[in-house]
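Colleague: Per numbering that gives the first Met the number 0, residue 0 is the first one in the sequence shown, and the count goes up by one each step.
All clues given are correct.
Cut-off 27 Å, straight-line C-alpha distance, at most; resulting in silico cross-link-like pairs (BS3-like, lysine-lysine):
#, residue 1, residue 2
1, Lys21, Lys40
2, Lys122, Lys41
3, Lys152, Lys41
4, Lys152, Lys21
5, Lys170, Lys152
6, Lys134, Lys41
7, Lys21, Lys103
8, Lys134, Lys103
9, Lys122, Lys152
10, Lys103, Lys152
11, Lys103, Lys185
12, Lys21, Lys41
13, Lys185, Lys170
14, Lys152, Lys134
15, Lys170, Lys134
16, Lys103, Lys170
17, Lys134, Lys122
18, Lys21, Lys134
19, Lys185, Lys152
20, Lys40, Lys134
21, Lys185, Lys134
Simulated from the structure, these hints should not be mistaken for lab results.
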Amino acid sequence: MKRTVIGFGEDLWSYLVLLGNKVDVGENVSFNGVPFVEVNKKGNCTIGDGCTFNSKMFYNPIGRNQRCQIVVGENAVLTIGNTVGVSSSAIICYDSITIGNNVKIGGNTVIYDSDFHSLDFLKRRTAHTDLAETKPVIIGDDVFIGAHVTILKGVHIGPRAVVAAGSVITKDIPAEEIWGGNPGRKIR
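From just these sequences and the hints, can you work out the full model?
Modeller: Below, the structure is given as structure tokens:
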């Protein structure tokens, strides 16, 4: 009974966090723990039907537990498809990130469409010139992303691809391929 009451409270609090950030949330979205969500008033975030978010400290048995983090910047668009599972991961969107349907995102994974800072050391010296390059990220349907993966800006991952745990993905992955390593490369 206690677990049911706590779960209901977490779902309610999570929906309030999403509503406060003007996130368009589909039906039957569930939360285990409350995610950190920050959507710029000029940004757009959509979460499809049947998504699940494991966002509770000390819940995920794989370690490095943290709340799920969703950040959407000014004029950025984050679209999460239907029946996507996200576990203790961060999705940081300053341009465009599209995640297809039936995608599984392993614990402690990070998805970035930005460098966050200029690669030019002179531009990094002051805040008004320290502008990061951004490029859209697209993750196709039925993709499986293992734990502790980093997906960087401009990457397109084709449908039904698999990304091995601990990988750093800097290049496009064609459909139905298995990639792993740092930097990521085709395994099979």
